[in-house]
Every structure is written in structure tokens, then in C-alpha cells.
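Using the sequences provided together with the hints, build the complete structure.
Be aware that the sequence shown starts at 1, since it is given in UniProt numbering, and climbs by one per residue.
Hints are computed from structural coordinates only; laboratory data are not their basis.
Be aware that a few hints might be false.
[To be verified] Cut-off 25 Å, straight-line C-alpha distance, at most; resulting in silico cross-link-like pairs (SDA-like, lysine to any residue):
no., residue 1, residue 2
1, Lys207, Ser219
2, Lys100, Lys20
3, Lys94, Tyr81
4, Lys150, Glu252
5, Lys20, Asp214
6, Lys192, Glu69
7, Lys207, Tyr81
8, Lys32, Arg232
9, Lys32, Ile71
A quick note: this is a predicted structure, and the numbers were derived from the prediction, not measured.
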Amino acid sequence: MGPPLRIALLECDELVGEMKREYGSIGNLYRKFLEAGASKLEESGLYARPNLEITSYDVVNKQEYPDLENIDAIFLTGSRYDSFTPGLNNWISKLVDFIKTVLQDQSRVRIMAVCFGHQIVARAYGVMPERSNSGWEVSVTPIALTERGKQVFGQDSLALHQMHRDAVPRYPSSVEKLGHSDRCDVQGIYVKNRVITVQGHPEYTAKIASEFLDRRRGSLLDEATYQDGKNRVNNPHDGVTVGASFLKFLLEK
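If you want it as C-alpha cells, here you go:
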């Protein structure tokens, strides 16, 4: 193994229910996702298995952040919170300001993000997320990739778990588009050697997605949306491919 990839995992939520019993912390869930991506990247034969050094930071309750001198990359997790509100103790605004600093004040540390984190990155680029007129997008969903998206992920399309009703309304002008779905025009943001994000949840398994669907049934999700999501929750998805692509992005010169 080469020198470690030092990844600061910014925990934007905490686990509850069965997920907490299985993974313990949201950091552990994303560690497992990234390790699976590392294994797939190694299997490709194009890269040696990356040596991941992952450190978690609670940006919600403790509002703690890494020293940029000591890391190579930042990973923003998903969250139950709305990305366009100030949030508890203004932590969301503080998170946006931190990402702005990473983007504006240096060029070495790279950014990865999913769902809520993807929306925070869009805010840092000046595009405010909002409630989608299309409503909830849930479960395994096909994503049409742009030419850049096909290059980044190494295939012509993606299928990813989704669990959101907020969305980025348009692509920031300074990024490249990765793809879109029927209900969401902005499914991924890319800036070479700087940023890669997806709106979906590549870290989800069918079990995790089912727990979210069950918990939100009848409160946030109407019955038709719930049943549609359950019908697709076990469909094949490309989460591990996205994990490998995230790490490939970190290794590229």
C-alpha cells in the first residue's frame, strides 16, 4: 500500500433504529461504503488498493472541523435536515462557509459528497437547494449520465438509491454536469481534481432504504410513493461503483 488517503468524514447526521444497532455511527456506515469502493477499485486492476485513513468530525452537535493541512479529502454525508435552512445552532450555515473556504482558499484538498452533502456543495457554489416540485424521489432510480458522467463512472448509466424531496434546481456555472433523473435535473457535480458529488445514496443497501421507507410511510411519504419505493428497493444498484469512482477521483493527478 502507498501513503494513506487522509479523508475527513463530516458527519451531518446520526443513525437511529436498526441502522444504529448495525453500524453504531454514521461514520462507520460511510467507512464501510468507502472500503467496498476500495476493494472494487483494486479488482479493476488499474490501481493498487488505496490505504484509507478516515477520521470522523461531528459538524452538527460538536461543530468540529479538520485542519486542512492534515487531510487530503473531505466527505460530506447525507442528512435528515433541510440543506437550505440555518439548522440547529446555525451549523448548516457554518458548514457551507467551511466548504466555501475549502473551494476558495486552497486547491489541494478534494471534496466528495452525497445527497445533503451534494446540496451543501451546490450552496457553496452559489446555488440554493429547494423543495422539489416533483416531490420525493425514493429507492433505486435510473440516472442518465452526461459524457463526463460516463467517463467518471466508467459506464453509460447509473442506478442509485434515492431518498430526497429537496434538490439543487440548476447546475452551478463553474462545474461539470454528471447526470439527471426523471425527477431531478442535478444528480452529480464534478470539477476535475476538486469536487465530485451525487444526489443519490450510493452507501445504501436495500435494508437501509427499506428502513427509511417504513419509517417515513404515512408521515412524509404517501402510500403510492411508499409502495413504488418498496417495489424497487431490491433492484440492482451501482453504489459500489460510485464508491470506487470517488476514490479513483482522489488518486487522479
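Between Lys94 and Tyr81, does the CA-CA distance stay at or below 25 Å?
Given that 25 Å is the threshold and the Cα spacing comes to 14 Å, the pair holds.
Starting from Lys32, check that the Cα of Ile71 is at most 25 Å away, please.
With Cα atoms ~19 Å apart, Lys32 and Ile71 stay inside 25 Å; holds.
Compare the distance between the alpha carbons of Lys150 and Glu252 with 25 Å, and conclude whether the hinted pair is satisfied.
Roughly 16 Å between the alpha carbons, so the hint for Lys150 and Glu252 holds.
Are Lys100 and Lys20 close enough, with their CA atoms no more than 25 Å apart?
Violated, at roughly 31 Å.
Straight-line alpha-carbon gap Lys207 to Ser219, limit 25 Å
holds (20 Å)
Taking 25 Å as the top limit, are the C-alpha atoms of Lys20 and Asp214 close enough?
holds (16 Å)
Straight-line alpha-carbon gap Lys192 to Glu69, limit 25 Å
holds (21 Å)
Given the hint that Lys32 pairs with Arg232, does the C-alpha gap stay at or below 25 Å?
holds (23 Å)
Are the Cα positions of Lys207 and Tyr81 separated by 25 Å at most?
Holds - the C-alpha atoms of Tyr81 and Lys207 are around 21 Å apart, at most 25 Å.
Checked against the numbered hints given earlier, this structure breaks only hint 2.
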